[in-house]
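Chemist: Quick note: the sequence shown uses my numbering, first residue 8, plus one each step.
Derived by calculation from the structure, the hints in this document are not laboratory data.
It cannot be assumed that every hint is accurate.
Claimed, not checked - Cross-link-like lysine to any residue pairs, in silico, SDA-like; alpha carbons within 20 angstroms at most:
hint : residue 1 : residue 2
1    : Lys92     : Ala73
2    : Lys92     : Leu80
3    : Lys92     : Tyr41
4    : Lys92     : Met8
5    : Lys92     : Glu74
All values derive from a computational prediction rather than experimental measurement.
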Amino acid sequence: MDQALAFLAASPTDERTLTPSPQADIGWHTFLLYTVDYAAFCQRVAGFFIHHFPYDEEGAVTEDPAEVRERTLNAIRAAGYTVDKELWPVSSSCSQGGAPKSCGDDGGGGNPLPCGDHGNIPK
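Throw the hints in and build the complete structure from the sequences for me.
Modeler: Given below as structure tokens:
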């Protein structure tokens with residue numbers, strides 16, 4: 008869960024699309040179920056509600072998933088959080104809504120992973 012929170016806290020720090028790992032996305036999906044707490048967290052760390060955008064449509068991939076993954080990890084580190092690299096093998100097929108839209112792959116050049124597989128707790 009801490010990687011999902013770090014991802015969410017880092018999301019507003021970069022205007023480009025950031026994408027969670029499949030494991031971090033599970034945490035994001037879980038947190039979304041607690042709507043009041045999630046909305047309060049978003050307001051506290053971003054000043055606005057952080058929407059979840061799944062990219063399950065054909066042709067959603069517009070950027071190299073490895074580049075998006077590295078950009079995401081760099082944003083998390085730049086925001087002051089620890090990255091648990093074991094939980095970031097690839098990016099998932101969703102984002103916080105930056106542009107252009109991007110999604111991850113299965114690590115083997117195949118189809119994007121479905122959205123729903125998701126260091127420190129954000130301040």
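Chemist: Determine for every hint whether it applies to the structure shown.
Modeler: These are the hints, each one checked on the structure:
no.: 1; hint: Lys92 / Ala73; result: holds (13 angstroms)
no.: 2; hint: Lys92 / Leu80; result: holds (9 angstroms)
no.: 3; hint: Lys92 / Tyr41; result: violated (27 angstroms)
no.: 4; hint: Lys92 / Met8; result: holds (14 angstroms)
no.: 5; hint: Lys92 / Glu74; result: holds (15 angstroms)
Checked against the numbered hints given earlier, the structure breaks only hint 3 and satisfies all the rest.
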